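Chains as they are written, first to last, in the numbering used here: chain A, 1 to 355; chain B, 356 to 750.
All the given hints hold, so there is nothing to weed out.
Each computed DSSO-like pair below joins lysine-lysine, with the alpha-carbon atoms no more than 30 Å apart:
(1) A:Lys328 x B:Lys639
(2) B:Lys639 x A:Lys306
(3) A:Lys239 x B:Lys746
(4) B:Lys533 x A:Lys239
(5) B:Lys746 x A:Lys242
By construction, these hints were calculated from the structure, which means they are not laboratory data.
These numbers come from a predicted model, not from an experiment.
Next come the chains, spelled out residue by residue.
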Amino acid sequence: MEFGLSAEQTLLQDTVTRFLEAQAPLATVRRIAAGDTNDKEIWRGMADLGIPGLLIPEALGGVGLGILDAAIVAETLGYHVTPAPFIGTAVMAPLAFMGAGTHSSLLGTMAQGDYRVGIAMSEAIGARNDAGVRFAAGKLSGKSIFVLDSEADGYLVATRNQHLYFVAATAPGLQRQILTTVDKTRTTCELRFNQVDAEMISTDPAVYIRMLDAGRVMQAADTLGAAQCALDQAVAYAKERKQFGRVIGSFQAVKHLCAEMAAGLEPCRALVWYAAHAQDHVPEEARMMACHAKAHLAEVGQFVAKTATEVHGGMGFTDLVGLHFWFKRIGANRQLLGSPALVRAEAARVQGLCA
Amino acid sequence: MDLSYGSEYGVFRQQVRDFIEANRDQAPAAGARGPAGLAWQKLLIDNGYHSRTVPKAYGGYGAAPDILASRIIAEEFSAAQLSTGLGGQGISMLTPMLLEMGSEAQKLQFIQPTILGEMVWCQGYSEPGAGSDLASLTTKAELDGDEWVINGQKIWTSTAQSADWIFCLVRTEPQAPKHQGISFLLFRMDTPGIEVRPLVDMTGDANFNEVFFTDVRVPKHQIVGERGQGWQVANAILGHERGSLAPPDAAENRLKGIIKLMETETLDGQRIMDNPIFRDRLMKLQGASLAMRFNDMRLLSARINPGQDARLAGLIVKLQGTELRHEIEGFAIDVMGEIGLAYEDNPYLRGNGSWQYQYMYYLGLIIGGGTSQIQKNIIGERGLDLPREPKVTAN
Ligand SMILES: Cc1cc2nc3c(=O)[nH]c(=O)nc-3n(C[C@H](O)[C@H](O)[C@H](O)COP(=O)(O)OP(=O)(O)OC[C@H]3O[C@@H](n4cnc5c(N)ncnc54)[C@H](O)[C@@H]3O)c2cc1C
Numbered sequence: 001m002e003f004g005l006s007a008e009q010t011l012l013q014d015t016v017t018r019f020l021e022a023q024a025p026l027a028t029v030r031r032i033a034a035g036d037t038n039d040k041e042i043w044r045g046m047a048d049l050g051i052p053g054l055l056i057p058e059a060l061g062g063v064g065l066g067i068l069d070a071a072i073v074a075e076t077l078g079y080h081v082t083p084a085p086f087i088g089t090a091v092m093a094p095l096a097f098m099g100a101g102t103h104s105s106l107l108g109t110m111a112q113g114d115y116r117v118g119i120a121m122s123e124a125i126g127a128r129n130d131a132g133v134r135f136a137a138g139k140l141s142g143k144s145i146f147v148l149d150s151e152a153d154g155y156l157v158a159t160r161n162q163h164l165y166f167v168a169a170t171a172p173g174l175q176r177q178i179l180t181t182v183d184k185t186r187t188t189c190e191l192r193f194n195q196v197d198a199e200m201i202s203t204d205p206a207v208y209i210r211m212l213d214a215g216r217v218m219q220a221a222d223t224l225g226a227a228q229c230a231l232d233q234a235v236a237y238a239k240e241r242k243q244f245g246r247v248i249g250s251f252q253a254v255k256h257l258c259a260e261m262a263a264g265l266e267p268c269r270a271l272v273w274y275a276a277h278a279q280d281h282v283p284e285e286a287r288m289m290a291c292h293a294k295a296h297l298a299e300v301g302q303f304v305a306k307t308a309t310e311v312h313g314g315m316g317f318t319d320l321v322g323l324h325f326w327f328k329r330i331g332a333n334r335q336l337l338g339s340p341a342l343v344r345a346e347a348a349r350v351q352g353l354c355a
Numbered sequence: 356m357d358l359s360y361g362s363e364y365g366v367f368r369q370q371v372r373d374f375i376e377a378n379r380d381q382a383p384a385a386g387a388r389g390p391a392g393l394a395w396q397k398l399l400i401d402n403g404y405h406s407r408t409v410p411k412a413y414g415g416y417g418a419a420p421d422i423l424a425s426r427i428i429a430e431e432f433s434a435a436q437l438s439t440g441l442g443g444q445g446i447s448m449l450t451p452m453l454l455e456m457g458s459e460a461q462k463l464q465f466i467q468p469t470i471l472g473e474m475v476w477c478q479g480y481s482e483p484g485a486g487s488d489l490a491s492l493t494t495k496a497e498l499d500g501d502e503w504v505i506n507g508q509k510i511w512t513s514t515a516q517s518a519d520w521i522f523c524l525v526r527t528e529p530q531a532p533k534h535q536g537i538s539f540l541l542f543r544m545d546t547p548g549i550e551v552r553p554l555v556d557m558t559g560d561a562n563f564n565e566v567f568f569t570d571v572r573v574p575k576h577q578i579v580g581e582r583g584q585g586w587q588v589a590n591a592i593l594g595h596e597r598g599s600l601a602p603p604d605a606a607e608n609r610l611k612g613i614i615k616l617m618e619t620e621t622l623d624g625q626r627i628m629d630n631p632i633f634r635d636r637l638m639k640l641q642g643a644s645l646a647m648r649f650n651d652m653r654l655l656s657a658r659i660n661p662g663q664d665a666r667l668a669g670l671i672v673k674l675q676g677t678e679l680r681h682e683i684e685g686f687a688i689d690v691m692g693e694i695g696l697a698y699e700d701n702p703y704l705r706g707n708g709s710w711q712y713q714y715m716y717y718l719g720l721i722i723g724g725g726t727s728q729i730q731k732n733i734i735g736e737r738g739l740d741l742p743r744e745p746k747v748t749a750n
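Just chain A, with the same shape it has in the complex:
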């Protein structure tokens, strides 16, 4: 029995961490957030590490690892608030294509980091603002909002009945418009479909669900990493900042804030590990665990984001230390792919507690 990361998984984490520290420091994140450049160089570097092909089988040019390995990468990306299309392109889209048994050559291209797939499934999860996409006679119409990745080459689109379709970003009749959010480390967009030729990928709800659950686990892992970094920054600041002739971390009011963050966050690590593990190895718990990991990390993450900022005083509120990048990342993860209340309702439903 071993509940924890293997030596290979720790190595994977270290490798990605080293790469991000060198190639995607906060200064780079800031330039991307300001729109001075985009995330393509980072993604290229991650492709050299094999990250886009993490879940894609070796026979197709990928690495053939599992959801827990992907969660470790997501956590590391969250820790560094890295701009990268990881969750959609490296996790959700490959799972959809692999689950449907299609597009093996595209998977090879994706594994090289040469093709990005965005995810348009907000309306299948819970439609807002009357958005929605319909499929008839081989064509998609309607619109999808808060689609993951405004720089993608193609999109997976989910209709309300959990069917999945694939369109190229350049398909005639498809309009794409960037939707700015508070989180400038990753992009979202709106897709408008005017009779767009689309390829049916899957009508099997199991494919949709596996893709969605894995995506939720990745959001949870991303928040775990981001919250851990916010906590680490708060603790470091509390050890160094002096007021009233003492470092502020020696004041109980501050020490207890730090302790509360750690006490809330530490069990989240085990929750995320297990939820990720369940996706590949405990199918009967996969849905419930994905929902709980997503919702619980949303709550704890929100508390840590707020509290870590408070520990920094006015400095936390400024752009200078950049703590707000973590605050906003955690805030975005909370809403995307299902807000906590919505996801908890699903957790109750999958246990048969309600209709």
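Could you slot chain B with the ligand onto chain A? The hints should help.
Just chain B with the ligand, lined up with the frame of chain A:
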């Protein structure tokens, strides 16, 4: 990640299940003493389901330490909602401490009757002036020939009213720095000079007491460790106590109970389970409770795989576990609304009144064994390496 316990444990698990199947009708209610409780306790020890690793010479089952086997026993008994035998401070704290720091004679004298439930202990640490700041305790013991003479007062001493013996912290070296002047004594509660006054707590029960010592004479050899080492001895047990106050299995069983409650209780004719607000609160608690379950698995794993670092995961357990449990019990009361207020002989009582009782009981556990605030100090200082409070200079 490898969650299997290995095939040899499959056989073991089956044995535990067979035992439970064959004997479950003899099981008393959890924690019950009385003849049925003692007989069950003996049956458990004889079969290796209690005091499993306590050596045979001291009355235990004598198995080699095997964390997974112990875990499987706990899992199966919890799943069957069956009493795992007696607990209490003698069994869960004093016995492991004696095994670690007691003399051979002490082990032979005390462990067997303690684990059989024939010798009941209480823990005499806290004093009116020494709670969180335990090391400032002032109950003193002076050597007079071959006897310690004890004078002073303890408070919050759980089960002192029914205990046969007490393990007690006393000041023996008044000149030494406060942590180095304490000794750890064992003595009978019927020794002349001991007066026990029960204190009624908020549940309405008198679970704890004030204990007064007036010239209580105790044989010199009834000390654990050396003179002045009492603080180290006591700390060895505090670790045991903190980890065991709010086990995740028990919290999950309570959540299962709440699910049943929500499926039967109604508000304006609608099942509470069909009310999305209550369902959302249930799911929040379930998520938090799952996090604690897997945190516990991580701790278990770290004990088997010494390379794993789970220090912080261990430090947060007392704080998070007791706070969560209190919240769970309080939620059940909200599910019932005013019916949740029912207590004692009220005809609308649900679950024997255990929801209100546990709601209060767990507030006691939030305070006892090191308060939540003290836990946060510990997490901050030992877990996150934040500086300690500056010492207040005497004035
Ligand atoms: C149900 C129950 C059973 C118990 N059983 C036993 C028993 O069997 N044997 C025994 O010896 N004792 C027992 N105790 C006593 C228990 O260990 C103490 O109550 C506990 O350690 C707190 O001490 P105190 O009550 O003196 O509170 P105090 O120490 O006076 O604390 C009062 C408040 O001040 C806060 N505080 C104190 N110091 C600090 C600090 N440094 N930083 C921040 N906040 C601080 C506390 O958190 C608390 O909120 C029991 C208590 C309870 C509630």
